[in-house]
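Q: Listed here are the chains, written in short residue letters.
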Amino acid sequence: MSEIFVVGVGIHPFGRFDKSYEQIGFEAAQSALRDAGVQWSEIQAAYLSRMYLPATSGARVLRRLGGTDISIIDVEAACASGGAALRQATLAIRSGEVDLVMVVGLEKMPRGFMDPSMIYAPWQINQGMSLNPAYWSMRAMRHMHDYGTTEDQIAKVAFKNHRNSVHNPNAMYRKEFSFEDIRNSKLVCDPIRLLEICAPNDGAAVLIIASEKKAREMGAANIRIAAVEHTIAQYSADFRCPAESMSTKIVNAGPTQVTAAKAYAKAGLGVEDIDCFEVQDTDAFCEIEIYEELGLCPLGEGGRLIDSGATEIGGSKPVNMSGGLISKGEPVGASHLGQLVDLVYQLRGTAGPRQVEGARVAMGHVLGAGGNCAVTILQR
Amino acid sequence: MCPANAADTKTGLEISSMTLLSNSRVPVREDLYLGSLDNSAELRLRGSKCADCGEVALGRATICLNCGNERMSELPLGQEGVLHTYTVVRNPPPGDYRGPDPFKPYVMGLVELPEGIQVLSIIDCPAENVRIGMKLGFQPIELRNNADGATPVGFVFASKE
Numbered sequence: 001m002s003e004i005f006v007v008g009v010g011i012h013p014f015g016r017f018d019k020s021y022e023q024i025g026f027e028a029a030q031s032a033l034r035d036a037g038v039q040w041s042e043i044q045a046a047y048l049s050r051m052y053l054p055a056t057s058g059a060r061v062l063r064r065l066g067g068t069d070i071s072i073i074d075v076e077a078a079c080a081s082g083g084a085a086l087r088q089a090t091l092a093i094r095s096g097e098v099d100l101v102m103v104v105g106l107e108k109m110p111r112g113f114m115d116p117s118m119i120y121a122p123w124q125i126n127q128g129m130s131l132n133p134a135y136w137s138m139r140a141m142r143h144m145h146d147y148g149t150t151e152d153q154i155a156k157v158a159f160k161n162h163r164n165s166v167h168n169p170n171a172m173y174r175k176e177f178s179f180e181d182i183r184n185s186k187l188v189c190d191p192i193r194l195l196e197i198c199a200p201n202d203g204a205a206v207l208i209i210a211s212e213k214k215a216r217e218m219g220a221a222n223i224r225i226a227a228v229e230h231t232i233a234q235y236s237a238d239f240r241c242p243a244e245s246m247s248t249k250i251v252n253a254g255p256t257q258v259t260a261a262k263a264y265a266k267a268g269l270g271v272e273d274i275d276c277f278e279v280q281d282t283d284a285f286c287e288i289e290i291y292e293e294l295g296l297c298p299l300g301e302g303g304r305l306i307d308s309g310a311t312e313i314g315g316s317k318p319v320n321m322s323g324g325l326i327s328k329g330e331p332v333g334a335s336h337l338g339q340l341v342d343l344v345y346q347l348r349g350t351a352g353p354r355q356v357e358g359a360r361v362a363m364g365h366v367l368g369a370g371g372n373c374a375v376t377i378l379q380r
Numbered sequence: 001m002c003p004a005n006a007a008d009t010k011t012g013l014e015i016s017s018m019t020l021l022s023n024s025r026v027p028v029r030e031d032l033y034l035g036s037l038d039n040s041a042e043l044r045l046r047g048s049k050c051a052d053c054g055e056v057a058l059g060r061a062t063i064c065l066n067c068g069n070e071r072m073s074e075l076p077l078g079q080e081g082v083l084h085t086y087t088v089v090r091n092p093p094p095g096d097y098r099g100p101d102p103f104k105p106y107v108m109g110l111v112e113l114p115e116g117i118q119v120l121s122i123i124d125c126p127a128e129n130v131r132i133g134m135k136l137g138f139q140p141i142e143l144r145n146n147a148d149g150a151t152p153v154g155f156v157f158a159s160k161e
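Protein chains in written order, with the numbering used here: chain Y, 1 to 380; chain U, 1 to 161.
Next comes chain U alone, as it looks inside the complex (with noise of 0.2 Å):
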């Protein structure tokens, strides 16, 4: 699942690959994706549609933060979308950050998805390598576990060049 240069690279995440040995895979955040933990090919982001404006958002809603209807319904959305814009963190984060340990700097980035929303999102791709418009794949990942041994399911949009 993981990028075979992934951690050969001075700024990409050694990302764990989710065949593991992890018994209890837990959603980052409760209403973040479709599908079985699991299974990790078929996983995709959640996304809700309004059915008046057909705005977007991110995760279960039910109200439209465009226009205020309550008429929401589940999407899910695309797993290929396209870099719009970028940083690279450089140091780490405050606060309870489960990313690799120790830090390495890493892409961050707003991906642009074809069903009209932009999701921001880490960027799996070296540094020295990113530009907007790059393609980019949806990922699972495995972030640190929690105090109760759970092993928390992120997300990353990898590299595809």
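Just chain Y, with the same shape it has in the complex (with noise of 0.2 Å):
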């Protein structure tokens, strides 16, 4: 099968900016097509991710580039949306219409807790069962009781994610807390506090990909998608928002488990072979689960991982090396491509003071509402 390459990278920062999604889009796909050096008319199809923003959204930021004639798609899968988009992006260049292919991850949205009439019915939001974090919060708590978890663990992640944010010019937040900060951060859902989750914002993210015949005419075949999964939680295994019940008899592989063996095995790679990793953390205590699920730890050692520094910018397995979601903000169609972009500097070697050193196979991961996952493998 034909390798499919990343050509180029856009990124405009993720925060909150007084300008339209429209034009926030805009200035991240142009910056992508700079890096490339190819032009907009150049592109052969194109795929935009979003949830929060209005139909045909992929359209009205890319017109701005230029007329076309094009197949321009809106993509939404909730968290994992710019995953789903990647691989629809990989597949039609796998069917082999089409060559060189422009992915982007947009998304402006309001403060606060998200809309919950997206996810929800209205008797889960009558009855006050509509909050995200709420759900994210139960796995925690039920994670320190069965393994002995603990606060100062969680805040650990939250503490090594806002230090690497410092370096990362496109982070909502580049500021480091000190550990008391974070731990003496207001609760939002116990036992997961302010400064330990993520806030939904404004951003963009974009990749331009190619067929491997056409990144070698391009001299740009140099780092390749080694896998790009995208699946929804199965039966009875995983209760995140916006579930309303759990089977007790059946408990089935979590969506980040089923996605990340799908990845490997396409991959032909296993996690020892994984050199940096960008991970969702909604909140702190979901990056210690995902160091579990993706097998960076056994099961219930997650806790553990962080006390052992293996998952800072220096350690033997780096995570969110970017500051994650928890300090660059989670615009929720951008989030996924934004952490690839981030990836594709790691295996450039122009990630600055948050390098890792000789990075040459890289994951980026996504988990949301529905039990929405991706997990992309680049490799250079």
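In case anyone wonders, no lab produced these hints; they're calculated from the structure. Be aware that one or more of the hints could be misleading.
To be verified - Among the chain U residues that face chain Y by a calculated CB cut under 10 Å, a handful are: (1) Pro27; (2) Glu30; (3) Leu32; (4) Ala57; (5) Leu58; (6) Cys67; (7) Arg98; (8) Gly99; (9) Ile122.
To be verified - As a list, the in silico SDA-like pairs of lysine to any residue whose alpha-carbon atoms are at most 20 Å apart: (10) Lys135(U) with Pro54(Y); (11) Lys262(Y) with Asp275(Y); (12) Lys186(Y) with Val82(U); (13) Lys266(Y) with Gln39(Y); (14) Lys49(U) with Asn91(U); (15) Lys262(Y) with Arg94(Y); (16) Lys317(Y) with Gly270(Y); (17) Lys49(U) with Pro94(U); (18) Lys175(Y) with Lys186(Y); (19) Lys104(U) with Gly112(Y); (20) Lys213(Y) with Arg16(Y); (21) Lys186(Y) with Pro94(U); (22) Lys19(Y) with Arg63(Y); (23) Lys249(Y) with Lys49(U); (24) Lys135(U) with Asp146(Y); (25) Lys175(Y) with Ser2(Y); (26) Lys175(Y) with Arg16(Y); (27) Lys49(U) with Thr248(Y); (28) Lys160(U) with Gln79(U); (29) Lys135(U) with Gly112(Y); (30) Lys160(U) with Pro94(U); (31) Lys49(U) with Ser236(Y); (32) Lys135(U) with Asn66(U); (33) Lys249(Y) with Asp52(U); (34) Lys135(U) with Phe103(U); (35) Lys135(U) with Arg63(Y); (36) Lys175(Y) with Arg163(Y); (37) Lys249(Y) with Asn66(U); (38) Lys49(U) with Gln234(Y); (39) Lys186(Y) with Lys49(U); (40) Lys186(Y) with Pro92(U).
The structure displayed is predicted, hence computed values, not measured ones. For each residue, glycine too, the CB sits at the ideal point set by N, CA and C.
Fit the two chains together into the complex; they arrive one by one in their own frames, and the hints show the way.
A: Put into structure tokens, the structure is as follows:
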């Protein structure tokens, strides 16, 4: 099977901006075209991932680059929208129809908790069961009960990610917080605190990808997409929002385990081959759970892994070198592609102070509502 | 119906008694209950059980989400359960929340019922007393009225300890 390569990347910083989503997306797309050294007229198809934006956002954003008659499609899969869009783009190239495709991740979101009517039934909203972090926090509480994971270990994840963000010019919060600041910040949903949780915001990230033939012609066959997988949670695998019940008899593998297993198999790689990771840190606890589900450590050992320092930039398995979503914010449609832009910098060796020495294989992971999960593996 | 101390605690829900004045109760969700909304002691959560694999869903289900079988039968769910996990919601939830006004923090959790199902629910228990494994009882509650004056009946699981 022919390989697919990332031939250009662009990003608009994540944060809150007094400009339209069209402008934010346009700027990121333009920077990706420059990075790839291609003209908009050479792009043969485009996909735009978003959750909050209106219909035909892709066309509205990209027509600013010039009139076109190519297919432009919006893709939505909650927090995994970027992975779902990238996957569709790779399938289009694999079909042989197109060789050069743009994938835009974009969002512009209001402050505060997300609009519950997008994912919950009215009765759940009426009862007060429509707060996304509550579902994630319940997983933390059970993990603490089963494995002895502590609030200090959860706070350490937030401490690491905030500290890493200082070096990321595209993060919303570029501030190092003291461990005490984090431990004493306000509880949002017990045991998760304000400085341990990500905020919805604005941002865009763009990948331009090419068939092997096209990438070689461009002299840009350097970073291949070894795998890009997207799944939703199977039956009784995950009580993440907007679940209303679970089976007590059947416990199926969670979406991260399932998606990662598919990605490892597709890439022909194992967790031991991955040099660095950007993962979904909706809250600091969920990074701990994801360590376990990606196979960085055995089940229940995630708290001890953060204690060991292995997931620091200089550690054996660096995670969220960019500062993670806790410091970048989570513009839902842009979050996964934002991870991948940062991982491309890692593989190019241009990540500056957050560079992982000699990184050759990198993984991006996102997980959200409905157990929507995407895992992408990039390889130099 | 309401635990005597619920209104006295920092985080308990102020649940209105079901013996009330409202003459037009409606279920917060159409297929959620078995029994009369005016007889709260008899009211049960409705489940659906698959005749093939035995898995149980909340509410009226026509297809088993585990095996795809279409032979589902009605199953009243138990009124007692055990807390599997929980959190404390410290901020008013977004959207059309019908709980106490002004807002008070509340506990939300996953309740394990004897029929092989865990149900997400509001937990009527002060935050400082809640713990995994505690015994809970099903309890219908009245939520704040709809625009047409009808009173939606929701539910909680309340501490039995």
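Q: Check the hint pairing Lys213(Y) with Arg16(Y) against an upper bound of 20 Å on the C-alpha distance.
A: violated (39 Å)
Q: Given the hinted pair Lys317(Y) and Gly270(Y), is their Cα-Cα distance within 20 Å?
A: holds (13 Å)
Q: Checking one constraint from the list: CA of Lys262(Y) to CA of Asp275(Y), max 20 Å. Satisfied?
A: At roughly 18 Å apart (the allowed maximum being 20 Å), Asp275(Y) and Lys262(Y) satisfy the hint.
Q: Would the pair Lys186(Y) and Pro92(U) pass a check requiring their Cα atoms to be no farther apart than 20 Å?
A: holds (14 Å)
Q: Regarding the pair Lys249(Y) and Lys49(U), is the alpha-carbon distance no greater than 20 Å?
A: holds (13 Å)
Q: Has the given pair, Lys175(Y) with Arg163(Y), been kept, meaning a C-alpha gap of at most 20 Å?
A: With Cα atoms ~7 Å apart, Lys175(Y) and Arg163(Y) stay inside 20 Å; holds.
Q: Would the hint linking Lys266(Y) and Gln39(Y) be met if the CA-CA limit is 20 Å?
A: violated (32 Å)
Q: Would you check whether Leu58(U) satisfies its interface hint, that is, whether its CB is within less than 10 Å of any CB in chain Y?
A: Check passed: Cβ of Leu58(U) comes within 4 Å of chain Y, closer than 10 Å.
Q: Given the proposed pairing of Lys135(U) with Asn66(U), does the C-alpha separation stay at or below 20 Å?
A: This hinted pair is violated, its Cα atoms lying about 28 Å apart.
Q: May I ask you to test the interface hint for Glu30(U) with respect to chain Y, counting a Cβ-Cβ separation under 10 Å as satisfied?
A: This interface hint holds because 9 Å falls under the 10 Å limit.
Q: Grab the minimum C-beta distance from Pro27(U) to chain Y and call the hint holds if it beats 10 Å, violated otherwise.
A: It holds, given that the least Cβ distance between Pro27(U) and chain Y is near 8 Å, below 10 Å.
Q: Mind checking the CB of Arg98(U) against every CB in chain Y and telling me if the closest is under 10 Å?
A: holds (4 Å)
Of the numbered hints listed earlier, those contradicted by the structure are 10, 12, 13, 14, 17, 20, 25, 29, 30, 32, 34, 35, 39.
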